[in-house]
Structures are given as C-alpha cells and as structure tokens.
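Chains A and B are the protein sequences, given in the same order. Going by the working numbering, the letters in the first sequence line up with residues 8 to 347, in that order. Going by the working numbering, the letters in the second sequence line up with residues 83 to 191, in that order.
Honestly, the hints are just simulated from the structure, not real lab data. Values in this document were obtained by computation on a predicted structure and should not be read as measured data. Hints may contain errors.
[What the hints assert, rightly or not] Once the Cα atoms are required to be at most 25 Å apart in a straight line, the calculated SDA-like pairs of lysine to any residue come out as:
#1 A/K64 / B/A191
#2 B/K120 / A/I104
#3 A/K9 / B/E90
#4 B/K120 / A/R36
#5 A/K64 / B/L122
#6 B/K120 / A/T57
#7 A/K33 / B/E90
#8 B/K152 / A/R28
#9 A/K333 / A/A68
#10 B/K152 / A/D41
#11 A/K29 / B/L175
#12 A/K29 / B/E90
#13 B/K121 / A/I194
#14 A/K33 / B/V150
#15 A/K29 / B/E87
#16 A/K33 / B/D187
#17 B/K152 / A/K333
#18 B/K152 / A/I269
#19 B/K120 / A/W242
#20 B/K120 / A/L58
#21 B/K152 / A/T57
#22 A/K64 / B/V150
#23 A/K333 / A/W242
#24 A/K64 / B/V163
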Amino acid sequence: MKLIDRYVAEVGRNLPLVRGRKDIEKELRSTLEDMLEDRARKSGQPVDETLEIDLLKEYGAPQTIAQTYNPQPYLIGPRMFPFFVFVLKIVITVVTIVLLVLTGIEIATLSPMAGPDFVKAVWDGLTGVVGAAIAAFGNIVLVFAILERFVPASEFQMDEEKEWDPASLKKEPEPDEVKIWEPILAIVFTFIAISIFNFNPQWLVIPIIADDKAAFIPALTEAFFRWLPWINIGWVAEIVMNGMLIRTGRWTISTRLVSIGIKVFQVVILYFLFTGPSILAVTPESLQASGVFDADAAQTLGDLAQNGVRILIGLGIFGTVIEIIKTLYKLVTQRSSISV
Amino acid sequence: MTNNESLENVVLELRRGVIVLAALSQLGTEQYGYSLLKKLSDLGLEVDQGTLYPLLRRLEAQGVLESVWKLEESRPRRYYVLSAEGKKLLPKLKKEWAGIVSVMDKMLA
Numbered sequence: 008m009k010l011i012d013r014y015v016a017e018v019g020r021n022l023p024l025v026r027g028r029k030d031i032e033k034e035l036r037s038t039l040e041d042m043l044e045d046r047a048r049k050s051g052q053p054v055d056e057t058l059e060i061d062l063l064k065e066y067g068a069p070q071t072i073a074q075t076y077n078p079q080p081y082l083i084g085p086r087m088f089p090f091f092v093f094v095l096k097i098v099i100t101v102v103t104i105v106l107l108v109l110t111g112i113e114i115a116t117l118s119p120m121a122g123p124d125f126v127k128a129v130w131d132g133l134t135g136v137v138g139a140a141i142a143a144f145g146n147i148v149l150v151f152a153i154l155e156r157f158v159p160a161s162e163f164q165m166d167e168e169k170e171w172d173p174a175s176l177k178k179e180p181e182p183d184e185v186k187i188w189e190p191i192l193a194i195v196f197t198f199i200a201i202s203i204f205n206f207n208p209q210w211l212v213i214p215i216i217a218d219d220k221a222a223f224i225p226a227l228t229e230a231f232f233r234w235l236p237w238i239n240i241g242w243v244a245e246i247v248m249n250g251m252l253i254r255t256g257r258w259t260i261s262t263r264l265v266s267i268g269i270k271v272f273q274v275v276i277l278y279f280l281f282t283g284p285s286i287l288a289v290t291p292e293s294l295q296a297s298g299v300f301d302a303d304a305a306q307t308l309g310d311l312a313q314n315g316v317r318i319l320i321g322l323g324i325f326g327t328v329i330e331i332i333k334t335l336y337k338l339v340t341q342r343s344s345i346s347v
Numbered sequence: 083m084t085n086n087e088s089l090e091n092v093v094l095e096l097r098r099g100v101i102v103l104a105a106l107s108q109l110g111t112e113q114y115g116y117s118l119l120k121k122l123s124d125l126g127l128e129v130d131q132g133t134l135y136p137l138l139r140r141l142e143a144q145g146v147l148e149s150v151w152k153l154e155e156s157r158p159r160r161y162y163v164l165s166a167e168g169k170k171l172l173p174k175l176k177k178e179w180a181g182i183v184s185v186m187d188k189m190l191a
C-alpha cells in the first residue's frame with residue numbers, strides 16, 4: 008500500500024460522522040496524486056517515497072486534515088449554549104436545594120446528634136450533593152449534545168433573538184435605594200417579636216395533638232430568657248436603623264456600618280445560643296410528661312426537636328454571616344464608587 | 083501575543099473573508115479542487131488545502147455549487163462549477179464587495 012493510501016485511510020478514520028466520507032477520501036487521494044505529479048514535474052525527480060513524505064508532511068497531520076471537515080466542532084454550539092446555561096442553572100439549583108434539605112432532615116433525625124455518626128452524615132450528605140450536581144451536569148451536557156445534532160438550532164431561539172422592545176428592558180436596580188416597605192415591615196415584625204417574647208411569653212407554647220390527646224408545652228427554656236435582654240438590644244438597634252433608613256430612603260455608609268455592627272452582635276448571641284444549654288423546652292422528658300406520647304415516640308420526637316433547633320440556629324448564624332459579607336461588599340463598592 | 087502574531091491573525095481573518103468570493107469568481111467554468119487551488123495561487127491568493135476543500139463541500143451543500151466526478155488521465159477528479167443559484171448569487175456578492183472596497187478605500191485614504 009502506497010504512503011498516500013495509508014495517509015488517506017488515516018484521515019478517513021479520523022473524519023467526523025459526516026455524510027460522504029468515501030467521497031472525501033476519494034477527492035483527497037486525487038488531490039494528493041495531482042500535487043505529487045506536479046511536484047515531480049517541477050523538480051524533474053521521479054515520484055518516489057521521499058517526495059511523498061515531503062508532500063504529506065507539508066499537507067498536515069491526518070487528524071488535523073480530518074478536523075477541517077468537521078461541520079460541528081462544538082459539543083454544544085453557540086446558538087444553543089445560552090439555553091443550555093439557562094437549564095443548567097435551574098436543574099443544579101433544584102438538585103442542590105432538594106439534596107441539602109434531605110441531608111438536613113437526615114441529620115436532624117440522628118439520635119443522638121453527636122459523634123462519628125453526625126460527621127459521617129454531614130460528609131455523606133455533602134459528597135452526595137456534589138456527586139448529584141456533577142451527574143446532573145453530565146446528563147444535561149449529554150442531552151444538549153444530542154439535541155445539538157438532531158434538532159434544528161432555530162427551535163432553540165432565546166427570547167432576545169426574537170423581536171424585542173427596548174422599553175421591555177429591566178430597570179437596573181439601584182444598589183443604595185431602599186424600598187420603603189422593607190424597613191416598615193421590619194419595624195412592625197420586630198415590635199411584634201419584642202412584645203411576644205417580653206410581655207406574652209405564655210403564648211410561646213407548642214400544641215401537641217395525637218390520638219385524641221392534646222397538650223401544650225412551653226416552647227422555650229430558661230436559657231433562652233437569660234439571653235432575651237441581649238436579644239432585645241439587637242432588636243431595638245434594628246428598629247432604630249430601620250427608622251434611619253425610612254428617613255434617608257437610601258443606604259449610606261453609616262447605616263451600612265450600623266447594620267454590620269448589629270449583625271455581628273446577633274451572630275455572637277446566636278453562637279452562645281448554639282453552644283450553650285438548649286433553648287427549646289421540647290425534650291423527650293417534656294413530651295413524655297405531656298402524656299401524649301409513649302417513651303419511644305417521646306425520645307425520637309424530642310431528639311428531633313433538639314437537633315432541629317440547633318440546626319436552625321446554625322443556619323441562622325450562616326445566613327447572618329452571609330448578610331454581613333454582602334453588606335461589607337456593598338460598603339466597599341459604595342466607598343470606591345464615591346472615591347471615583 | 084507579539085505584533086507579528088497579531089498581524090498574522092488579522093491577515094488570516096481578512097483572507098478567510100474573501101476566500102468564498104475568490105473561489106466562486108473562478109468557478110464560472112468547471113474546476114477540480116487542485117486546479118482551483120493553483121489558479122487562485124497564480125492570481126496571488128494562497129489558500130490552504132485544508133480550508134478550500136471543506137469550503138467547496140459546504141458551498142455545494144448550500145446549493146451554490148454543483149459537482150461531478152470525471153475520470154481523467156486514469157484518475158477520478160471532482161469538478162466544481164457554479165449552480166444556477168450560484169450564478170445568481172455571484173453578481174450580488176461582487177456588488178457587495180465593490181461597496182466594501184469603496185468604503186474601505188475612503189476610510190484608509
């Protein structure tokens with residue numbers, strides 16, 4: 008077999024799945040033979056292997072030549088890519104949230120919530136979330152790679168490709184603007200919280216109803232009420248800050264600094280609530296004492312409630328820290344935009 | 083990226099833009115791939131084989147060109163020529179090109 012034939016066969020093996028592979032190979036062979044003949048005539052040399060080698064070297068690697076015939080060098084083409092990203096964001100978000108919630112429930116039902124079982128459950132949950140997100144990503148890529156090849160791209164027009172009206176453009180959010188209803192709502196709810204926790208703690212009970220039996224047990228322990236004066240300080244500071252926001256109508260450097268200060272203070276309190284004695288009065292003992300549950304059910308539900316409240320406080324700390332970071336970021340960008 | 087590389091990239095982009103028109107302009111009469119390549123080269127436009135052959139296939143798929151296999155000198159060769167649609171398209175492309183050249187001449191004067 009001549010070198011050119013071997014070269015053509017190698018290009019053929021590397022050709023993408025396009026129609027007319029044999030045709031491409033035939034045309035390539037014909038071209039190479041024309042070129043070889045042309046070179047031999049110009050140089051006055053006979054056609055030999057050296058000339059063939061020179062020609063093929065110059066023509067290029069078979070894989071490179073084969074790729075020039077690839078009409079679709081993308082796994083997912085530019086036309087379908089925005090739709091792919093749109094679907095990916097939704098699916099990954101949903102999968103992550105659902106699995107995180109399931110992990111949270113699994114951890115909350117651990118009895119007792121401590122030791123290697125807890126660490127293992129958290130680790131399994133997190134690796135499960137990452138694994139599921141990667142699997143979802145792979146599946147979506149696979150589906151879109153198939154669609155890219157079998158569905159016309161025109162079927163996947165994004166909204167912006169259709170006729171659009173510039174008037175429909177979303178208003179750019181003003182980062183420092185305060186929506187007036189937000190501080191008003193915050194003040195109202197903070198007042199409600201202050202009045203209930205301080206003046207009507209008897210309302211803080213948990214009704215327990217099962218098998219025609221009912222009982223009301225207090226929701227919070229003495230440990231919580233020991234921290235209430237400090238919690239009140241945080242709430243009052245929030246009311247003052249929201250009052251400032253209503254007055255100015257904008258976030259300023261000082262209101263952002265005050266907000267960060269309040270949140271740091273709240274994180275500290277939440278930390279003590281998290282690490283200190285339980286603030287929830289719903290325990291296996293109190294449930295059993297209510298007479299509604301037998302010992303086993305009371306134990307399970309009590310553990311669930313105790314673990315659940317610590318998880319909620321932990322989430323509260325996490326959320327508040329995120330809020331602090333967000334406010335800090337806005338503060339820094341606000342300062343830099345002022346200095347510009 | 084050096085200045086030379088930038089220059090090469092821009093020149094490559096410019097050439098790519100004109101290859102379709104250059105190839106169509108020479109396919110009023112039948113040509114096989116290598117003869118077209120040589121003709122373009124003789125006229126001063128060096129085109130890479132890896133660019134020209136896939137381009138000819140694409141233009142044929144778009145209905146601008148037609149092709150036919152012929153046996154010459156004991157060798158099969160695929161001849162390309164403008165299709166009826168290609169013949170209608172070429173004058174329009176020439177007009178567009180003249181417009182572009184005129185605008186660019188003004189800009190670069």
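Hints and how they fare:
1. Our distance criterion of 25 Å between C-alpha atoms is broken by A/K64 and B/A191, whose separation comes to about 42 Å.
2. Restraint check for B/K120 and A/I104: the C-alpha separation of about 63 Å exceeds 25 Å, so the hint is violated.
3. The suggested pairing of A/K9 with B/E90 is violated, with an alpha-carbon distance near 36 Å, which exceeds 25 Å.
4. A distance of roughly 17 Å separates the Cα atoms of B/K120 and A/R36; the hinted pair therefore holds under the 25 Å criterion.
5. Only pairs whose Cα atoms come within 25 Å are accepted, and A/K64 paired with B/L122 is accepted, the gap being roughly 22 Å.
6. Restraint check for B/K120 and A/T57: satisfied, since their Cα atoms lie roughly 23 Å apart, inside the 25 Å limit.
7. Proximity of A/K33 to B/E90 is assessed by CA-CA distance (about 33 Å); at most 25 Å being required, the pair is judged violated.
8. This hinted pair checks out: B/K152 and A/R28 have alpha carbons roughly 18 Å apart, not beyond 25 Å.
9. Restraint check for A/K333 and A/A68: the C-alpha separation of about 53 Å exceeds 25 Å, so the hint is violated.
10. This hinted pair checks out: B/K152 and A/D41 have alpha carbons roughly 14 Å apart, not beyond 25 Å.
11. A hinted pair counts as satisfied when its Cα atoms are at most 25 Å apart, and A/K29 with B/L175 does not qualify at roughly 32 Å.
12. Pair hint A/K29 plus B/E90 does not hold up; C-alpha atoms about 35 Å apart against a cutoff of 25 Å.
13. For the given pair, B/K121 sits about 82 Å from A/I194 by alpha-carbon distance, which is inconsistent with the 25 Å threshold.
14. Of the pairs offered as hints, the one joining A/K33 and B/V150 holds, with about 13 Å between alpha carbons and a cut-off of 25 Å not exceeded.
15. Between A/K29 and B/E87 the CA atoms are separated by roughly 37 Å; this puts the pair beyond 25 Å, and the hint is violated.
16. For the given pair, A/K33 sits about 43 Å from B/D187 by alpha-carbon distance, which is inconsistent with the 25 Å threshold.
17. For the hint linking B/K152 to A/K333, the alpha-carbon distance of about 72 Å lies beyond 25 Å, and the restraint is violated.
18. Between B/K152 and A/I269, the direct Cα distance comes to roughly 86 Å. Violation of the 25 Å bound is thereby established for this hinted pair.
19. Under the criterion of a C-alpha separation no larger than 25 Å, the hint pairing B/K120 with A/W242 is inconsistent with the structure, at around 84 Å.
20. With a C-alpha separation of about 19 Å, the suggested pair B/K120 and A/L58 falls inside the 25 Å cut-off, and the hint holds.
21. With a CA separation close to 29 Å, the supplied pair B/K152 and A/T57 exceeds the 25 Å bound.
22. Of the supplied pair hints, the one linking A/K64 and B/V150 is violated, its CA atoms being roughly 29 Å apart against a limit of 25 Å.
23. Our distance criterion of 25 Å between C-alpha atoms is met by A/K333 and A/W242, whose separation comes to about 20 Å.
24. With a CA separation close to 30 Å, the supplied pair A/K64 and B/V163 exceeds the 25 Å bound.
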